[in-house]
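**Q** In order, the protein sequences belong to chains W and X. Its first residue numbered 1, the first sequence is counted upward by one per residue in our numbering. Its first residue numbered 1, the second sequence is counted upward by one per residue in our numbering.
Rather than coming from a laboratory, the hints here were simulated on the basis of the structure. Possibly wrong hints are sitting among the right ones.
[Claimed, not checked] Derived lysine-lysine pairs resembling PhoX-like cross-links, with alpha carbons at most 25 Å apart:
hint, chain 1, residue 1, chain 2, residue 2
1, W, K146, W, K6
2, X, K23, W, K138
3, W, K178, W, K161
4, W, K72, W, K117
5, W, K117, X, K28
6, W, K112, W, K167
7, X, K28, W, K283
8, W, K188, W, K226
9, W, K146, W, K83
10, W, K117, W, K138
11, W, K167, W, K117
12, W, K226, W, K90
13, W, K72, X, K28
14, W, K167, W, K178
15, W, K90, W, K6
16, W, K117, X, K23
17, W, K215, W, K272
18, W, K72, X, K23
[What the hints assert, rightly or not] Label-pair ranges, simulated between beta-carbon atoms:
hint, chain 1, residue 1, chain 2, residue 2, range
19, W, E234, X, L27, 21 to 31 Å
20, X, E22, W, I87, 24 to 34 Å
21, W, N88, X, I60, 24 to 34 Å
Positions of the beta carbon are idealized from the N, C-alpha and C atoms, including for glycine.
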Amino acid sequence: MTETRKAAALISGGLDSLLAAKVILDQGIHVEGINFFTGFCVEGHTHAIRKKDKAKPKRNNALWVAEQLGIKLHIIDIIEEYKDVVINPKHGYGANLNPCLDCKIFMVHKAKEWIEKNSFDFIITGEVIGQRPMSQRKNTMPVIAKESGANELLLRPLCAKNLPPGKPELEGWVDREKLFGFAGRTRKPQMALAAEFGFDDYAQPAGGCCFLTDKQYSQKLADLWKAGGSRRYELDDIMLLKVGRHLRPRPHFKMIIGREDGENKFLHGYRKQYTHLLTASHKGPLVLIDGEITQDDLDLAAQIAARFSQGRNADKVEVEVQLLDGSSQTLCVRPIAGEAIPGDWYL
Amino acid sequence: MSDHELDARRLLCPMPVIRTQEKAAQLKPGDTLAVICTDPGAIHDIPAWCRVNGHEIINIQQQQEEIRISVLICDE
């Protein structure tokens, strides 16, 4: 009796990794999924913080893919280790602060560690040559295999026929003839294969699955680093960059202003870690202050908070301020005029 | 068999799932794990995680902002 080979599939939750895993499952390989959580992942739940996005599906796409395939999924927290990938990418950034090539190398490297620990035979990914401008190019495929340490144990079922055979093919664990030779940015071959497999409800992230590919998010992260004087972050920092309107009226402090109830509720969870403001005389957003502030700064912040409240046209708005030392004060301010807020305060 | 509790309040998905997975790995079949969380996404994700990894949901209770999801740890 031949030994059942085991493969770990990197599952992002998108179509390509779903198909790659399915192709290998259909060859009789035991497949389990690995999904890495970096902190920058775009999930339905992050969108669901905002009420306006409530209609969007709240499922975790990687778990959904695992269910479709009938495989186990291991979601792995790599938040701490991933910081070095974001802060010091050897291969640089893409159009924004997205270190896509370093990210892929890191994830395959982590998958290599995982298969060694769990006695699996090889790794599969949904990569397709030419699909992504930075990480999925003909010349980066061998770089990922080599620098991750996975080498010939890394199999890309969707484009394997465009690459030299690796150990799973050479050893006869998988039939190379049943793999594919997809290339380029077109999604048509994947969509046709999905239809062949009967998948019709897969995630199609328009901007990828990572906030670091988002221009505005990257600008906010760059601002965080600049204001902090070093390229560092904690999970709370990067979560807060996903939520609210961010304004930096002065170099030494930033305001995070909830845009609606869902965000206010989310920000409420951080109120003990930040000085925060809430309009008392009118309905308004919860505002967190990130930075060291003077009384003059507080007055300015209160005027801005009032501007984003329902009292924006009132002569006076009462704003309650809760300071980090536990003390509080009520300021009575005139809301700042919209035109008095320079465009470059908005991050 | 023993009962355990996991505080996953304020964590956004997938963190409640990850913490559940880590805690479950330390438990034995027959143990129960009550996960207390505040992200409504956990109502979908923890049961999905249980389905793909062979555990059972005993019940889900929601009180105001808090959700209590009870999981029976099974032999994977």
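**Q** Work down the list of hints and note, for each, if the structure agrees.
**A** Checked hints:
Among the hinted pairs, W:K146 with W:K6 is consistent with the structure: their alpha-carbon atoms are about 21 Å apart, no more than 25 Å. A hinted pair counts as satisfied when its Cα atoms are at most 25 Å apart, and X:K23 with W:K138 does not qualify at roughly 41 Å. Restraint check for W:K178 and W:K161: satisfied, since their Cα atoms lie roughly 9 Å apart, inside the 25 Å limit. For the suggested pair W:K72 and W:K117, the alpha carbons sit about 16 Å apart, so the restraint of at most 25 Å is met.
Among the hinted pairs, W:K117 with X:K28 is consistent with the structure: their alpha-carbon atoms are about 21 Å apart, no more than 25 Å. For the hint linking W:K112 to W:K167, the alpha-carbon distance of about 14 Å falls within 25 Å, and the restraint holds. Note on X:K28 and W:K283: the hinted pairing is violated, with a Cα-Cα distance of about 50 Å set against a maximum of 25 Å. Taking the CA atoms of W:K188 and W:K226, the gap is about 42 Å. The hint is violated against a cut of 25 Å.
With a C-alpha separation of about 22 Å, the suggested pairing of W:K146 with W:K83 holds against the 25 Å cut-off. A threshold of 25 Å between alpha carbons decides the hint, and for W:K117 with W:K138 the separation of about 30 Å lies outside it, so the pair is violated. For the proposed pair W:K167 and W:K117, the alpha carbon gap of about 19 Å is at most 25 Å, so the pair holds. Taking the CA atoms of W:K226 and W:K90, the gap is about 21 Å. The hint holds against a cut of 25 Å.
At roughly 18 Å between alpha-carbon atoms, W:K72 and X:K28 fall within 25 Å of each other, so this suggested pair holds. Of the pairs offered as hints, the one joining W:K167 and W:K178 holds, with about 15 Å between alpha carbons and a cut-off of 25 Å not exceeded. For a cut-off of 25 Å, the pair hint linking W:K90 to W:K6 is broken: about 31 Å separates their Cα positions. The straight-line distance between the Cα atoms of W:K117 and X:K23 is roughly 19 Å, inside the 25 Å bound, and the hint therefore holds.
For the hint pairing W:K215 with W:K272, the CA-to-CA distance comes to about 30 Å; that exceeds 25 Å, so the pair is violated. A C-alpha spacing of about 17 Å is found between W:K72 and X:K23, which places the hinted pair at or below 25 Å, so the restraint holds. Hint check: W:E234 to X:L27, Cβ distance near 29 Å, so the stated range 21 to 31 Å holds. At roughly 25 Å, the beta-carbon separation of X:E22 and W:I87 lies within the given 24 to 34 Å, and the hint holds.
The supplied range of 24 to 34 Å is broken by W:N88 and X:I60, whose beta-carbon atoms lie about 42 Å from each other.
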